[in-house]
Amino acid sequence: MTENQVKTSKLTVGPNDDLSIGQSALLGIQHVLAMDVYVVPFIIASIIGLPTKESSALIQATFIAAGIATIIQSYFCMKLPVAQGPSFIPIGAIAGIYFANNQDGSGWGTVLGASLIGAVLVIILGLTGIFNRLIKAFVPPIVGGTIIFIVGLSLMPVALNDNVFMASGDLGQNILLAVIAAVSLVLFAMIGSQFPGKGRIFRISSVILALVIGCIAAQFMGILDLSQVKNAPLLSVPQVPFVDFHFSFDLSSILTMMIIYVVLMAETTGTWFAVSNVCEEPLTDENINRGVVGEGIGCLISSMLGTTPVTGYSTNAGIISITGVASKKVFVAAGAWFIVFGLSGKLSTLISSIPAPVIGGVFVIVCGIISISGMKVIKEVEINEKAMYVIAIPMILTLALTLIPKEFIQSLPSFLQYLFGSSVATASIAAILLNRLLPEEKNEEQITKQKEIKAV
1 MTENQVKTSK LTVGPNDDLS IGQSALLGIQ HVLAMDVYVV PFIIASIIGL PTKESSALIQ
61 ATFIAAGIAT IIQSYFCMKL PVAQGPSFIP IGAIAGIYFA NNQDGSGWGT VLGASLIGAV
121 LVIILGLTGI FNRLIKAFVP PIVGGTIIFI VGLSLMPVAL NDNVFMASGD LGQNILLAVI
181 AAVSLVLFAM IGSQFPGKGR IFRISSVILA LVIGCIAAQF MGILDLSQVK NAPLLSVPQV
241 PFVDFHFSFD LSSILTMMII YVVLMAETTG TWFAVSNVCE EPLTDENINR GVVGEGIGCL
301 ISSMLGTTPV TGYSTNAGII SITGVASKKV FVAAGAWFIV FGLSGKLSTL ISSIPAPVIG
361 GVFVIVCGII SISGMKVIKE VEINEKAMYV IAIPMILTLA LTLIPKEFIQ SLPSFLQYLF
421 GSSVATASIA AILLNRLLPE EKNEEQITKQ KEIKAV
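With full-length UniProt numbering, the residue at position 447 of the sequence shown is 447, and numbering never jumps.
I should point out that these hints are in silico values taken from the structure, not numbers from a laboratory. Just so it is clear, CB atoms sit at the ideal spot from N, CA and C, and this is done for glycine as well. Heads up, some of the hints might be wrong.
Said to hold, decoys possible - Pairwise CB distance ranges (calculated):
| # | residue 1 | residue 2 | range |
| --- | --- | --- | --- |
| 1 | Gly105 | Leu171 | 54 to 62 angstroms |
| 2 | Ser353 | Glu382 | 48 to 56 angstroms |
| 3 | Glu407 | Val158 | 15 to 23 angstroms |
| 4 | Ser20 | Asn231 | 34 to 42 angstroms |
| 5 | Glu382 | Phe88 | 29 to 37 angstroms |
| 6 | Phe88 | Val186 | 26 to 34 angstroms |
| 7 | Gly169 | Asp244 | 19 to 27 angstroms |
| 8 | Glu441 | Asp162 | 39 to 47 angstroms |
| 9 | Leu251 | Ala137 | 27 to 35 angstroms |
What the hints assert, rightly or not - Quick list of in silico lysine to aspartate or glutamate cross-link-like pairs, DMTMM-like style, CA-CA up to 20 angstroms:
| # | residue 1 | residue 2 |
| --- | --- | --- |
| 10 | Lys379 | Glu281 |
| 11 | Lys79 | Asp285 |
| 12 | Lys136 | Glu281 |
| 13 | Lys386 | Glu441 |
| 14 | Lys136 | Glu280 |
| 15 | Lys79 | Glu380 |
| 16 | Lys79 | Asp17 |
| 17 | Lys376 | Glu281 |
| 18 | Lys10 | Glu280 |
| 19 | Lys10 | Glu380 |
| 20 | Lys346 | Glu54 |
| 21 | Lys53 | Asp244 |
| 22 | Lys376 | Glu280 |
| 23 | Lys379 | Glu441 |
| 24 | Lys79 | Glu281 |
Please take these sequences and the hints and turn them into a complete structure.
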């Protein structure tokens, strides 16, 4: 058996393997449940003070945009199992653009106009192959593995702090819920690994089973609140461009959003490396070019639907690794679920009702798996003194930007705020620069040759 065959055997379902519609739907929904898609639009709506009706419309549009973008990226463009969702990176820029242009009532229209132009730029980068050439020149395996590792590392504090330690409610209960969800996930995944025949169903559905058990535990603790689900509408009509919202164009806002898109692309590259690694599929030139085009099209659709840019979610790479299911059909099903949730107030509200500690317990395991995937790539590379710094400094930057007080970041110039707002983007750029700028370690043979040349 070849090394490649051994690696392939780790997947239960490969990217191009066939699945029934029912299986795809069941497996796709656990990707949706593990993604906090509703959080970004909720935060933005809170910051800029949107009324309840407009806030609901923004969340609805985000679900639909994520669904369409996921289907486009995973099945038509990049052709790897990549789920798309709203990024946290643009939040500060979006709020700034909104308030700077809202005097005449065109705040949100200017945000959408800048997002639309930025998306067109991303599509051009993909069609021309410029982005791919940059990746080939600047991201060798040591850098790629480091980026994958820091993607998981950067998400761990979010999983623990935002979803468990800092979440509302009793801290003891939050920790207990997170532990129950995490232990359930590991238990079901291990059952599937130990019994690859009959236990297969437990591994491939381990995420959704862990979330269900976590919600049941929350119900017993009396902290599962489904009251809002009852009051939410069953069906709701999405926003209509040029009717419910309009587009405005401002040069400074467009330039700001272009910077945001550059940072987004640096971040999503880490997601692509992570997905490629866990799927055991090479990240080809065609994949990257198509992926950039897909990212641009997804963001273009998002702006046309009246919501914020979407990008690849790295959490799904961890879910693929845990469940062993990498089928693109599952991600098409996930995209379809997003659209259904976007059209139904009850279903989207049901997702947002899952207690944060339950999501955090699953989320932190997923983050750990992503980091391990990066370590697998790094271990294939000879770790000399230069490589140690290429790996270590981005790790330190990731933790530093996660722990640094937000007030300090907000005091910096706008460009630095956007850059440092994403620890993954900053650490990725640092890894690339260190790999290019640090001198290669000279071996004894090179030193001997230099001495011989000097002697002559």
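Consistency of the hints with the structure:
1. At roughly 43 angstroms, the beta-carbon separation of Gly105 and Leu171 lies outside the given 54 to 62 angstroms, and the hint is violated.
2. Between Ser353 and Glu382 the C-beta distance comes to about 50 angstroms, which sits within the given range of 48 to 56 angstroms.
3. The hint said 15 to 23 angstroms for the Cβ distance between Glu407 and Val158, and at roughly 19 angstroms that hint holds.
4. At about 35 angstroms, the beta-carbon gap between Ser20 and Asn231 stays in the expected band of 34 to 42 angstroms.
5. The beta-carbon spacing between Glu382 and Phe88, approximately 36 angstroms, falls within the hinted interval of 29 to 37 angstroms.
6. Checking the proposed 26 to 34 angstroms range against Phe88 and Val186 shows it holds: the Cβ atoms sit about 27 angstroms from each other.
7. Here the CB-CB span from Gly169 to Asp244 is close to 36 angstroms, at odds with the stated 19 to 27 angstroms.
8. Look at Glu441 against Asp162: about 40 angstroms separates their beta carbons, and that is inside 39 to 47 angstroms.
9. For the pair Leu251 and Ala137, the supplied restraint of 27 to 35 angstroms holds, since their beta-carbon distance comes to about 31 angstroms.
10. Distance restraint check for Lys379 and Glu281: the Cα-Cα separation of roughly 18 angstroms lies within the 20 angstroms cut-off, and the hinted pair is therefore satisfied.
11. Taking the CA atoms of Lys79 and Asp285, the gap is about 12 angstroms. The hint holds against a cut of 20 angstroms.
12. For the given pair, Lys136 sits about 17 angstroms from Glu281 by alpha-carbon distance, which is consistent with the 20 angstroms threshold.
13. A hinted pair counts as satisfied when its Cα atoms are at most 20 angstroms apart, and Lys386 with Glu441 qualifies at roughly 7 angstroms.
14. Note on Lys136 and Glu280: the hinted pairing holds, with a Cα-Cα distance of about 19 angstroms set against a maximum of 20 angstroms.
15. Between Lys79 and Glu380 the CA atoms are separated by roughly 26 angstroms; this puts the pair beyond 20 angstroms, and the hint is violated.
16. Pair hint Lys79 plus Asp17 holds up; C-alpha atoms about 13 angstroms apart against a cutoff of 20 angstroms.
17. Proximity of Lys376 to Glu281 is assessed by CA-CA distance (about 14 angstroms); at most 20 angstroms being required, the pair is judged to hold.
18. With a CA separation close to 9 angstroms, the supplied pair Lys10 and Glu280 stays within the 20 angstroms bound.
19. The hinted pair formed by Lys10 and Glu380 meets the criterion: a straight-line CA distance of about 18 angstroms does not exceed 20 angstroms.
20. Proposed proximity of Lys346 and Glu54 is supported: the alpha carbons are some 17 angstroms apart, at most 20 angstroms.
21. Pair hint Lys53 plus Asp244 holds up; C-alpha atoms about 12 angstroms apart against a cutoff of 20 angstroms.
22. A hinted pair counts as satisfied when its Cα atoms are at most 20 angstroms apart, and Lys376 with Glu280 qualifies at roughly 12 angstroms.
23. Under the criterion of a C-alpha separation no larger than 20 angstroms, the hint pairing Lys379 with Glu441 is consistent with the structure, at around 18 angstroms.
24. For the given pair, Lys79 sits about 11 angstroms from Glu281 by alpha-carbon distance, which is consistent with the 20 angstroms threshold.
Checked against the numbered hints above, the structure breaks hints 1, 7 and 15 and satisfies the rest.
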